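As given, the protein sequences belong to chains B and F, one line each in that order. Under this note's numbering, residue 112 is the last one in the first sequence; the count climbs by one each step, no gaps. Under this note's numbering, residue 1114 is the last one in the second sequence; the count climbs by one each step, no gaps.
These aren't lab readings, by the way, just hints derived from the structure by calculation. This one's a predicted model, so the numbers in the text were calculated from it and none came from an experiment. Where is the CB? At the ideal position from N, CA and C, for every residue including glycine. Any given hint could turn out to be false.
[Stated by the list, open to error] Here are a few chain B residues that face chain F, going by a calculated C-beta distance under 7 Å:
1) Ala41
2) Pro42
3) Ile47
4) Tyr92
5) Tyr97
6) Gln98
7) Phe102
8) Gly105
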Amino acid sequence: QQPVQSPQAVILREGEDAVINCSSSKALYSVHWYRQKHGEAPVFLMILLKGGEQKGHEKISASFNEKKQQSSLYLTASQLSYSGTYFCGTEYRSGGYQKVTFGTGTKLQVIP
Amino acid sequence: DAGVIQSPRHEVTEMGQEVTLRCKPISGHDYLFWYRQTMMRGLELLIYFNNNVPIDDSGMPEDRFSAKMPNASFSTLKIQPSEPRDSAVYFCASSSGTGNSPLHFGNGTRLTVT
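For reference, chain F alone in the conformation it holds in the complex (with noise of 0.2 Å):
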């Protein structure tokens, strides 16, 4: 199993400019979370799939950032247009959902945005 990967691995843009950053679950999962990551505030939950319908978003920060999953095996973020307080690094985990499933984390993309 390839776990959770991630792309790109480091993203570096000018603000104002489109991000995508992508996401390919483990095969079989059923839910798929995005996560930012920063010193202040820790992991934040930013959206979470099942069955690749977004069920909460109540963690996406403004309307600059979207997320989609058009079927179970990718999943896209996108930030438009891009600002410096964006900068962080950004997990996608998928887990199977049962009882007792933990989370599995791809290794992140680390977004600056200057």
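Bound conformation, chain B alone (with noise of 0.2 Å):
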């Protein structure tokens, strides 16, 4: 049940652009991401509920397709301070509970 992300890990130049990928084989009731620093605890960025919505933090957003099970977030003109694990937790609601699981994520780093 745990989702899967693409790519592993990406190396990208500040200013450059990424794109990393979620998909489940279950239906999902919303997606989460959370970005996570060396030594630390994930830290939430956004959350997307069915509907195919897409929102935005600074300059990072993320759209989630329903009817594929997947969801991208997107990381527009990079800042040293976007490094770390990136995490899609994929909520199901069994029996109306929330469960939420995760991945490997993808490791990103900026450099200068």
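From these two lone chains plus the hints, build me the complex, please.
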């Protein structure tokens, strides 16, 4: 039930753009995105509910394709502070309960 | 709000010993999740609770692992006996469980079993 993320790792130069993809084999209630710095806890970025919405957070935005059970995270004009590991959390509602599972993440490194 | 509080931050123990990890969720949150993080498997969901009741423990790797939530403000994850392959970072997270509620993670417990 763990989502599949791609790529597993990416290196960017400051100012470049990146896309991180997340897919699930099960019907999703929502998709969460988190960023984790080395040695720290994951920090919430945004959540997308069913409906194909797109949301933004500074220069980071995301979309959710409900039909394909896929979500993408877009990082534009990357900054050094964007470095970290990005996790998508796929939320299922089984019996009305919130269950969120994560995959192995995407390690992003932004270099000067 | 103090956030989710986990203790200890680091735990080093010998194989065969019992290990207890602790978590205090954010007040008012109905859900509590335990995750294990390793390089190979990423963030694995071990078990989660709703209103102190375990809902799904299918992620608990073996009978050596057990979790309890005796009240709304405290949960424990116990490993007995511990093995070197249990070495990982264990995160606790809580949420309010509403339609667009994110998970709030604690700072984690880094467990090393020698």
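Hints violated by the structure (numbers, ascending): 4
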